[in-house]
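Engineer: Both chains come to you apart, so use the hints to assemble them.
For the record, the sequence lines run as chains A and B.
First residue of the first sequence: 1, per my numbering; consecutive thereafter.
First residue of the second sequence: 1, per my numbering; consecutive thereafter.
No false leads were mixed into what you were given.
Listed next, with one range per pair, are the computed distances between beta-carbon atoms:
#1 B:P147 to A:G62: 52 to 62 Å
#2 B:D142 to A:P48: 56 to 66 Å
#3 A:H254 to B:D142: 57 to 67 Å
#4 A:T284 to B:C5: 33 to 43 Å
It should be emphasised that the hints constitute simulated quantities derived from the structure, not laboratory data.
No residue lacks a Cβ here, since even glycine has one placed at the ideal position from N, Cα and C.
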Amino acid sequence: MTVLVSVVTATGDGQDLFPLFTGVARLLGYLAFVLVIGTTFFLAWLWPKDSVEWVFIRLFYGGAALMLLTTVLVAVLSTSGSWADAFVGRSGATALARLSILALGVGFAWELLGDARRWRIPILIWQLVLIESFIVDSDAWREPWLVVKVLATTGHLAATGAWLGGLLALAAILVPSAHLEVLHDVLPRFSIIAIASVVTLVVTGALHALAVAGSVTALMTSTYGVVLAVKVIVFGVMLLLGNVGRRYAARLAHRKVTEIDESASDQSVRVFAVAVGAEFALATAVLATTAALVHFAPAA
Amino acid sequence: MGVNCVPRSVVVQRILGIVVAAVLAVFAMLVSGRSPSTAPPDPSSTLAVTPSTPETSTSAAPTPTPPGAAATTGPGLTEPGIHVVAQSAVDGSLEVVERVRVGTPVSTLLLAPPSPRGAGSAGATPTITGFQAQAGGLLVTDTPMSPLPADGDRIELPAPATDITMRYRLEGGADRSQPAPVGRVLILLPPVTRPDPALGDPAVVVEVIGGTVRNLVCPDLPVSDQLCGRQRGTVWSTTTLPLSRSSVVAQMDLPQPGAG
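Chain B with its partners taken away, still in its complex shape (with noise of 0.2 Å):
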């Protein structure tokens, strides 16, 4: 096979071949900086616990969130720390995505449900139903005990991870308040991540979605600055919160029965 003799089938097989990878090479180029359709974390969406890694490293700056969608930057998605949607449904339950994201890998997780503090929030007594978690890309298939116990229960990993993403209902979180108008209540919200040493005390971030919230409360934090929660559009958030003193307490007005 010398190249002073090159049949013409072989020309041809040279040119095709140069043609289809200068093709292929424009298509992976002009791929390369689309994202896939999954849609932003919404706890209405299953997409939600999908645990992509945010392909933030290689994109430009965080770009700002628009009213009424869910954070995509910040603790627990694009650097170190914990990430909570929450949307009350109108019994004044909560579906919940809890994601968390470390620098070091851990391979457990100490949940416990969040605890009342405060007047008005001693009467909730939360619980965690359909406990669903993925970490690192795998399905966690150890799962919290039924009822968490107030002093929390420790999960296993099956595989140290940098990011898990649990989704949850939590129950029993809200406390009608009374006398109020229609509806109010003080609701308790999660996480339900607690520190441990391996996780250590990283920041927080909890976002609200559904219902009418009229504040959050961070009682935990100093008195001027438990009036923790800030509006953007439809989502409330609070401050950054140290995970060790992330107690937050909504109050709200649950949706209507039979509102879209």
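Chain A extracted, bound-state conformation (with noise of 0.2 Å):
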């Protein structure tokens, strides 16, 4: 980790290239988070067997190894490389805060994994003391507006989550075709958490831009609401598109879609997975503006 500091230190130096580095490594870990919220919440709510697939496992585990690497890099790029002020004040505080959630929730992997169903509010909280150590180091944890923005901002991250995570964890079971029994259990859920997700966001991302932006004028002629715009643009792209995917698939499986499991044809289950694999794929250049908005966001 030393070494790809000091590369990135040294690449940076002189060139104001902290800044992009910042923003790549925050956008891993908007990946990060969602592969450990998502993949737990996946487990714990949506998941209808008993055993856990290695798939579940190792996305957690990436998830988990990922987000410690960009929470050390976050911190340090965001002091220009300078380690002894990486780790001090809030935002040290809160990237160790973070390290220490991630550890307690990796130690209890065999819990937050294999037994995440009877687990489920011990999880729940977890989750949302991982989420809330994302908010205190961001925009929405300043004054005016802090319950709204702090509200707001939990609701976004824990939606975000949900549904990306949920995304993943169908493109874990589709991609292999493996074990698409579980689709007639997962698919009817998963169904009702994307579209509470999706108003969930919504709501939360209005009122978010508007406290940190001040005012609608604001927001409609600074770059932050410049990029704000192509974030909700890449947002309705990606719903646009998943939909189309998804009735297609449905079409090819004479069913609904949330009927798609292991009887249906071959070929309408890979539409599917190239459907929601899509659907992932553009949520990842959301993250990739949500990343950027962070170096837009005007102080409070």
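Structural biologist: Dropping the structure here:
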């Protein structure tokens, strides 16, 4: 990790590239967040079987490792490569607190992954605390409208984790076409989660953007507003393409998309997998614009 | 995966997780009260333009500023207003850090050079060079016109911001007094920020470092308040001024060429 930071520091020195590297690290951090929160949410609330698949264990540990790496990278890069300043003050304390919560999750991965349905409430609390570790050091944790922004951002991150994590977990089942029988239970539940998440994302996103910008005029006339508009457009395209893909898969399977399972044709399952994969790829673009928004967010 | 038949490796993993989590939590608590090694505002330091949001909202009551150091609390720093630190060079130019802090985000800033006021400074023709600015953590790419017109120029900020930090060199603002002791000048001091409807008329404090300041005069104030300078060690600062009446003239002896 030190070598990686040294390379980035050497490249960034004199070229003012630290914001770019920080943005990339932040984007990877969001992906890690989706992997960790999404996988545990999926297993706790959507996965119908008692046994857990290896793919979910890999997704969780991969996400945890990526979160460790990106938390350290963002902390160090935000202080222009200074390790001495990286873990000092509120930002440093928040980063360490996040790693502490993550360590607790990895330590109890047995319950988190293998027995998730029985431990739903502790897992939910753990997820909320992890989400707050992202919020405390964000532009949401500032007056004015602190409570509104914190609630909106908490809802926004929870919905992001649940939805995108669900998409990823679905892709993990659909792409290898393994255990398609679980789709019969998973898809109707995920459909409700997806709709609730989209509504939550739209409402909380609008509230947060207004609170951060200060006014509609400020939102419309700032760079922050432009980047937000790009995010909304990509988000809209993501919803549209996802819908087209799902409808096409349903037409091929001659049934509703939520009823696709192991009895559906291979072609319809493949199309459905591609639609889910494309939706997740566009979600990555949304996360990238979110990382950019952090850079353009006006300070309170 | 039942709880009753937990393998030993899982128990070890749990213990390790708890220990690591506890150690990290303790470290988090320890470092939360500490500040980064970033120096307080100082015109000779490039760190002064770092737009770090002062962590004053969570800190205790403001600490008194030590003699010889620029203020760390007050308008433009911990409360809405403008804080200016100007350090004089041997040629009478000033290296300036100007911090603007407002309650409601602004997306533009009107800048104008300080205008000559009163006897003795009429010959001054202040200009700004080497202008740099950051707003809410973002670099400001718009730069003011050069030379800056007397009625001002408006710069666009990259996003609405409540914290704007500018650093620039103010040249031509010094007028050598005649006859006078060697090195004595009258210097027009910033701010260069001008009142406008979005900004309002915030409070301003100007601090001067370097050279030997004799006094500070605020010609726009009522006569009884015009001697507006207060000395604190080697730092002179004005009383709190409204931006609309923030003209400040310093009478000072410039640093000797070659002096450290």
